[in-house]
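Chemist: Read off the chains here:
Protein chains: 2
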Amino acid sequence: MRKVKVRFLPEEKEVWVYPGETLQDAFLRAGYWLETPCAGRGICGKCKVRVLEAKREQEKGNLELTSEEMKHLSPEEIQQGFRLACQAEVTGEMQVIVPPAVGEILRPAVKLQGVAADSVYPLSPAVRKVYLELPAPSRQDRLADWERLERGLREANYLPQGETGGRGWKLDSALLCYLPEVLRKSRYKVTAVFYEEKLIAVESGNTSEQVYGLALDLGTTTMVGFLLDLKSGRQLAAAGCGNPQAAFGADIISRISYVSGGRSNLRELQRRLVEAVNSIIAELAEQSGIKREHIYEAAAVGNTVIHHLFLGLDPTYLGQGPYVPVITRPLRVRAQRLGIQICEGGYLYLLPNIAGFVGGDAVGVILATGLYQKNGVCLAVDIGTNGEIILGWGQEILACSTAAGPAFEGARIKKGMRAAAGAIEKAAIYEDVEIGVIGGGPPRGISGSGLIDAVAEMLRVGVVDYTGRLLGRDEVSGRVPPAVRNRIIESGSHREFVLAFGEESADGEKISITQEDIRELQLAKGAIAAGIKILQRELGVETEQIEEVFLAGAFGSSINPLSARRLGLIPPVPLERVKAVGNAAGEGAKLALLSRLARRQAEEIAARVRYVELSGRADFQEAFLSAMYFPRE
Amino acid sequence: MRKVKVRFLPEEKEVWVYPGETLQDAFLRAGYWLETPCAGRGICGKCKVRVLEAKREQEKGNLELTSEEMKHLSPEEIQQGFRLACQAEVTGEMQVIVPPAVGEILRPAVKLQGVAADSVYPLSPAVRKVYLELPAPSRQDRLADWERLERGLREANYLPQGETGGRGWKLDSALLCYLPEVLRKSRYKVTAVFYEEKLIAVESGNTSEQVYGLALDLGTTTMVGFLLDLKSGRQLAAAGCGNPQAAFGADIISRISYVSGGRSNLRELQRRLVEAVNSIIAELAEQSGIKREHIYEAAAVGNTVIHHLFLGLDPTYLGQGPYVPVITRPLRVRAQRLGIQICEGGYLYLLPNIAGFVGGDAVGVILATGLYQKNGVCLAVDIGTNGEIILGWGQEILACSTAAGPAFEGARIKKGMRAAAGAIEKAAIYEDVEIGVIGGGPPRGISGSGLIDAVAEMLRVGVVDYTGRLLGRDEVSGRVPPAVRNRIIESGSHREFVLAFGEESADGEKISITQEDIRELQLAKGAIAAGIKILQRELGVETEQIEEVFLAGAFGSSINPLSARRLGLIPPVPLERVKAVGNAAGEGAKLALLSRLARRQAEEIAARVRYVELSGRADFQEAFLSAMYFPRE
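Protein chains in written order, with the working numbering: chain G, 20 to 652; chain R, 20 to 652.
If you are wondering where the hints come from, they were derived from the structure by calculation, not from laboratory data.
Any given hint could be a false lead.
Copies of one chain are not kept apart here, so a pair can be met inside one copy or by any two copies together.
Stated by the list, open to error - In silico lysine-lysine, DSSO-like type, Cα no more than 27 Å apart, as pairs:
1. Lys189 <-> Lys217
2. Lys445 <-> Lys598
3. Lys189 <-> Lys148
4. Lys310 <-> Lys22
5. Lys445 <-> Lys433
6. Lys393 <-> Lys529
7. Lys552 <-> Lys250
8. Lys310 <-> Lys24
9. Lys393 <-> Lys24
10. Lys393 <-> Lys552
11. Lys217 <-> Lys204
12. Lys529 <-> Lys310
13. Lys250 <-> Lys208
14. Lys90 <-> Lys310
15. Lys552 <-> Lys310
16. Lys24 <-> Lys598
Predicted, not measured: the structure shown is a model, and the values here were computed from it.
Between the sequences and the hints, there should be enough to build the whole structure, so can you do that?
Modeler: Next up, the structure:
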């Protein structure tokens with residue numbers, strides 16, 4: 020189904036919506052908050068909006084008013100193109116006038132730091148609280164505890180919404196075990212906590228201001244948690260740690276192998292991850308001074324294997340062709356079932372997966388970058404231990420995955436190390452080599468971005484040729500400054516290029532880039548560049564058509580775009596089109612936590628992104644081989 | 020809201036429905052199964068039915084066609100009164116013609132043995148199974164396991180219904196843990212098990228014929244379980260046992276006291292009940308040779324206190340004014356949460372409660388007797404350890420509860436015993452006393468019904484007067500046969516009437532009814548008779564207006580109606596109006612298990628029955644005192 024554009028006047032804001040969605044959906048998507056007291060049932064008639072050229076469409080038979088609209092709209096209004104936003108389906112491109120009052124009451128909107136200027140979502144978390152003062156039971160009023168609470172909710176005009184279709188609220192039956200006590204101890208002054216349409220907790224007194232949520236980015240190597248205030252959308256704290264599963268395999272393939280050793284291995288990997296999440300929660304609670312029981316939801320992103328391991332699902336078939344996950348659609352699971360220590364009735368929401376190796380983290384990147392709303396083609400590259408590549412725009416998005424990681428994370432690089440204190444993260448070559456070290460001080464090794472920077476410079480000055488060969492001192496003689504030439508060390512067939520001599524380094528050993536290191540880098544960048552090439556080919560997009568390139572992930576964001584382009588890691592686009600977007604996957608998790616509309620969008624993204632499997636494709640092998648070379652300027 | 024009648028022609032069958040319900044609801048209620056491939060959305064137009072006098076109503080403006088009906092009905096059809104049953108709301112009394120095809124395809128209906136000839140429900144359990152043969156994944160078909168299953172369901176035209184509104188099925192996420200293995204081991208031939216719209220299990224191979232459910236009657240003193248085949252509605256086995264909670268208190272009040280000793284006492288009572296249920300399940304499975312994992316739901320009835328104890332809810336406030344339950348509405352709880360050993364993903368459905376002392380058991384009685392559908396006033400008396408009284412008809416139903424039990428269950432009666440082998444259960448007095456003993460053989464004691472029979476006969480022949488006084492030998496001299504007179508034994512102020520002398524009894528001790536026994540009986544029957552009187556007064560119904568009297572419960576059903584009437588336990592109605600209906604509460608649980616329509620009905624019953632609290636009412640005290648006397652013929 021092709022999406023269509025809805026344009027909002029007078030601001031000329033545009034959003035993409037699917038045909039069949041209502042104008043109300045389109046307003047929400049554009050960040051406007053239409054008041055709909057009747058919850059979109061066409062009863063209150065408050066969401067009147069004017070559609071331009073509606074009249075003409077009507078005459079063509081494309082625009083059919085519902086019986087609810089007939090009731091609420093006068094003939095003049097119909098003539099002028101007024102519709103009820105909650106009733107009117109978007110049938111084609113439309114222009115809509117935003118009622119002045121709506122423009123003003125724009126809800127507190129969720130906006131991330133510079134990631135996606137045009138993906139603004141209304142703050143509408145799945146968790147809501149209502150404070151109630153109930154009458155105590157009496158001989159004249161013998162209503163049961165639960166029904167008393169329910170009546171209070173109704174009297175507070177807190178109407179059941181969603182799936183129950185107005186027949187009442189769902190409730191977590193476990194809370195009935197403490198309900199009588201809470202009601203009586205609080206003298207019937209309680210706060211009801213809803214997760215969607217389900218009552219998940221009843222708290223003593225008025226706690227309606229304490230509503231917190233957790234966004235989790237579960238990476239293969241590192242994990243980060245963000246504590247958010249669901250009333251304001253503000254981030255209160257952030258904390259991270261290594262993924263303890265790394266002890267059972269550095270990459271996802273080795274963790275799948277570990278699971279093949281038996282059910283108890285799967286349980287162990289799950290337990291480790293849950294423990295680490297709980298330690299993050301404890302740290303966040305301490306940092307911010309809030310109670311864990313006031314965290315009601317955790318929204319998590321991770322690649323498909325981590326997603327499976329977190330839920331205790333067998334990842335075996337992700338490790339063998341045709342690489343089938345257990346499930347891709349989004350899941351809501353009781354946090355308690357996994358042992359996640361938040362509110363007893365709280366939930367864990369897992370963003371949907373796209374395919375075997377492209378998970379909720381990629382969905383998060385697409386969501387946070389607003390790529391699915393773009394008019395021009397965008398490329399997003401999230402390089403972690405696993406690398407995801409996404410290419411597309413508002414109408415079509417492709418994604419693939421490549422095992423890019425190890426070289427960039429420091430593995431298999433002689434002096435490679437994580438991006439931590441002492442790592443060379445920048446390098447430039449003029450009269451001599453100049454390096455930037457994380458934390459200052461003498462260097463201990465080279466980080467992934469340092470490697471890219473250094474090799475890009477070596478390529479630029481001609482110490483390395485386009486095939487990746489490190490030239491000998493004789494070969495560069497006269498073409499590079501002597502100090503640079505002196506950094507080339509040859510012994511037999513072995514060659515290396517010194518970034519820091521022994522006397523400059525932290526441990527007295529020289530830090531250099533070997534010919535083998537360059538080959539590893541070529542493999543890694545070749546895989547990514549080939550992935551990009553295949554996606555471009557599948558989408559039929561030339562490099563000049565790529566309007567934006569997003570570098571995502573802690574590592575991806577730290578790369579010098581110029582160096583990345585020089586090495587051919589990213590296509591040769593003008594540099595101003597390249598943007599480092601930080602932990603976009605984590606930002607996507609935050610959006611999903613804060614806005615149910617963003618969540619719905621994530622679900623649509625996952626369902627519509629087309630996954631391209633690279634393994635076994637002859638054209639990928641070919642692209643890979645040629646992408647290993649560096650570009651000739 | 021007053022219910023209205025819908026009459027089905029040509030059979031002239033009548034049912035009560037609430038205004039606002041659809042004609043489709045009315046058809047279901049009448050036991051007709053209308054095919055509605057579009058699940059009642061007004062899309063397929065297959066449920067056309069003709070309403071008589073619809074035209075006239077339409078002209079009066081009472082009958083408004085929906086836009087869906089306008090699409091599917093021709094002007095001629097509208098003229099003739101045709102409607103779409105799924106769309107047309109019942110607005111007042113209606114006569115509907117049953118389409119001949121519908122009359123023929125009457126679904127296998129659930130009908131109980133003689134209890135309620137007119138409450139026939141379509142067999143429509145909450146559990147359904149679908150057998151699927153899925154394609155294995157391949158390079159061309161990389162769908163995830165769950166999505167593969169979902170596609171298979173869609174291709175089998177098994178459309179999601181109910182709460183999810185067509186957006187997909189809900190699933191028990193726990194089943195994802197074994198889904199990959201089941202799919203591959205079965206070579207993608209599996210049976211999906213649904214509970215309502217939620218997938219709760221996936222089984223290897225074709226198990227679609229094995230669909231079983233459990234109906235549970237959880238009494239204060241005894242509990243019974245029935246195993247039913249949900250494909251045919253047939254009962255496969257029945258098993259019972261004592262309620263092990265009895266060790267912690269014979270009646271519900273003493274169990275509430277026990278719970279006041281602390282949370283662990285509540286947990287203990289719950290655990291005992293769950294263990295007993297599990298032993299019943301084990302016995303049913305053995306008797307019938309089925310697997311416990313093929314039982315997917317248990318529908319349970321019990322009084323409100325037992326309901327709370329079963330779920331682990333604090334019954335404290337049921338024991339003190341104003342006698343407030345924790346919850347009255349029906350509950351679905353995962354069986355696993357309580358430790359009930361049926362299918363891992365299976366559910367427990369608890370019928371709704373009415374009030375503090377009138378629980379799902381009373382709802383079950385109303386459901387099974389069809390009392391809520393009657394044109395004339397009916398009385399139902401369910402006498403167990405707790406006694407429930409229900410009075411009403413199609414438009415209005417009242418209920419109350421009295422602590423009648425102990426005397427009828429053998430407690431506080433000198434020679435009282437349960438209705439077991441050796442109990443005198445019948446007595447008649449002609450030239451001498453004639454007794455009927457359960458199991459034949461010499462008697463060991465007197466059961467409740469034996470006590471009622473004997474005292475009724477003693478009253479008839481004049482050994483007992485209407486005040487309940489046992490006359491002396493002198494007083495009856497010449498008025499009763501000598502053999503009967505000789506059974507009166509006097510020693511000082513103590514008097515007793517011998518039913519079996521020492522030489523006739525099992526243990527050589529005489530079995531007699533003492534003056535004190537008669538007083539106990541008067542207290543018990545007085546409480547019930549007074550409860551009936553109060554309900555009659557509240558409803559404004561004279562005795563002659565009572566068209567049917569249902570005696571329910573194992574004990575209630577064993578009473579001789581003539582004796583009960585003679586003692587004034589039930590009002591003086593013609594005997595042919597009195598019906599023993601057996602374990603009607605248990606039958607109600609069966610109906611709720613077998614038919615979702617019956618379940619919905621149970622929910623409506625619970626919401627609409629008016630509970631009358633007897634304690635603290637002056638008029639009840641007064642009625643109680645006068646009801647202790649026996650009627651003067």
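Chemist: Of the hints stated earlier, which fail here?
Modeler: Structure breaks hints 4, 6, 7, 8, 12, 14 and 15.
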